[in-house]
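> Each of the two chains sits in its own frame; use the hints to bring them together as a complex.
Chains as they are written, first to last, in the working numbering: chain A, 1200 to 1315; chain B, 39 to 148.
A couple of the hints might just be wrong.
Below 27 Å or equal to it, Euclidean Cα-Cα: the simulated DSS-like pairs (lysine-lysine) are [claimed, not checked]:
(1) B:80 with A:1267
(2) A:1277 with B:135
(3) B:135 with A:1267
(4) B:83 with B:117
Calculated Cβ distances over 10 Å to all of chain B for the following chain A residues [unchecked claim]:
(5) 1215
(6) 1219
(7) 1226
(8) 1227
(9) 1249
(10) 1261
(11) 1308
(12) 1313
Read the hints as simulated data drawn from the structure, not as lab findings. Every residue gets a Cβ at the ideal spot worked out from N, C-alpha and C, and that includes glycine.
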Amino acid sequence: DAGVIQSPRHEVTEMGQEVTLRCKPISGHDYLFWYRQTMMRGLELLIYFNNNVPIDDSGMPEDRFSAKMPNASFSTLKIQPSEPRDSAVYFCASRAGAEGTGNTIYFGEGSWLTVV
Amino acid sequence: RKEVEQDPGPFNVPEGATVAFNCTYSNSASQSFFWYRQDCRKEPKLLMSVYSSGNEDGRFTAQLNRASQYISLLIRDSKLSDSATYLCVVVPQGSYKLIFGSGTRLLVRP
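This is chain B alone, in the form it adopts within the complex (with noise of 0.2 Å):
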């Protein structure tokens, strides 16, 4: 089993709407996570920080649920530039190594 599982989708909507990705972790112990965004032929960067009480910015909402041991990214009112491969991160405890699923691909079509 991975690390870090994730949904590739593409998931194809259409301006406007709002989408939700889900990630599962297997490391019970596992103490940060975080949402990155990587655009086509770019590298990851980091979109959001995921905390327990679940957090907001803007358009874009995270969420952790550490019983069931997933990690939620919602986007509201999507638009075309959100298009893009969304990367859930895990770290696991007492450790710097950035754990990241194999990524979901959102396409926000007019």
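One chain only, chain A, in its complex shape (with noise of 0.2 Å):
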């Protein structure tokens, strides 16, 4: 079975440019999660979706980081304009919707961003 998909793996890009991450969860997860990770501030929840609609985006850091899932089986997260400080690595994540608390969550391979 295919994992979480994210694209594109790396990316460098001048800094005011407009970032965009893609991920294909899962087939069959209802959960999809963004988290960004740097050396200084480990893995952060941006944040979660539940069966397409935004629950919790109080880890997005600013304005300037917006996330959609137009359907079940895609989601983007850009930046812009992007600014040095967001050079990180963005994990996509998912996770099936089943009572209970113990479903593991899948990470993508994550897009290494750099902004120069």
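Here you go:
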């Protein structure tokens, strides 16, 4: 089975440019998460969706960041305009929505973003 | 205070050693706990869940102390392949958010 698929895997962009990261969750999973990882701050939850609806976006750093999930198989995280401090690994993850809390979340391989 | 705190390490141990990591969490209402493993330049992957009664999976033992709000991971007979960063994860009550600690790095040397 295909896991969580992210694109691009690596991106280098200039400050001020728009960046769009893409994610395809595991088929049938109801929850989708966007995390950011840096050496200084570790893994931070940016936003998560349930059935395509944003549930908690309290981790989104500022208005330059936006996330959408137009359907169950696709989500985007957009940064506009990008800044050097946005350089990080952005992970998308998904999980099934069964009752209880024992379900594992599965991460994609990450999108490595460098803003110069 | 961070929601989940871990000693960053690194813990540098010889093969065959036993090593233990601890993690503390601030939200007493947290309901679920996990240990994830992350290899260099890879994504985090679930290592094991942590149950109140403690649980074991081969060389790995996880324990939860709700009264003191800490979680532990014990690795026995360390292998070179155990070298990785171990992330403590807490899920607040009524939420599906996984809150990650900053990780503890383990280096197992020959």
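> Each hint: holds or not?
Consistency of the hints with the structure:
1. Straight-line distance between C-alpha atoms of residue 80 of chain B and residue 1267 of chain A comes to about 25 Å, which keeps the hinted pair within the 27 Å bound.
2. For the hint linking residue 1277 of chain A to residue 135 of chain B, the alpha-carbon distance of about 21 Å falls within 27 Å, and the restraint holds.
3. A hinted pair counts as satisfied when its Cα atoms are at most 27 Å apart, and residue 135 of chain B with residue 1267 of chain A qualifies at roughly 18 Å.
4. For a cut-off of 27 Å, the pair hint linking residue 83 of chain B to residue 117 of chain B stands: about 18 Å separates their Cα positions.
5. The claim that residue 1215 of chain A lies off the interface holds: its Cβ sits roughly 27 Å from the closest Cβ of chain B, which is beyond the 10 Å cut-off.
6. Distance check for residue 1219 of chain A against chain B: the nearest CB is about 20 Å away, which clears 10 Å, and the non-interface claim stands.
7. Against the 10 Å criterion, residue 1226 of chain A stays outside the reach of chain B, whose nearest CB is about 18 Å from its own CB.
8. No beta-carbon of chain B comes within 10 Å of the beta-carbon of residue 1227 of chain A; the shortest separation is about 16 Å.
9. Remark: the non-interface label on residue 1249 of chain A conflicts with the geometry, its nearest Cβ contact in chain B lying 7 Å away (cut-off 10 Å).
10. The Cβ of residue 1261 of chain A sits about 20 Å from the closest Cβ of chain B, beyond the 10 Å cut-off, so the non-interface label holds.
11. Distance check on residue 1308 of chain A: its Cβ comes as close as 5 Å (rounded) to a Cβ of chain B, failing to clear the 10 Å threshold; non-interface status is violated.
12. Interface exclusion of residue 1313 of chain A from chain B stands, the closest Cβ pair being 14 Å apart, more than 10 Å.
Checked against the numbered hints above, the structure breaks hints 9, 11 and satisfies the rest.
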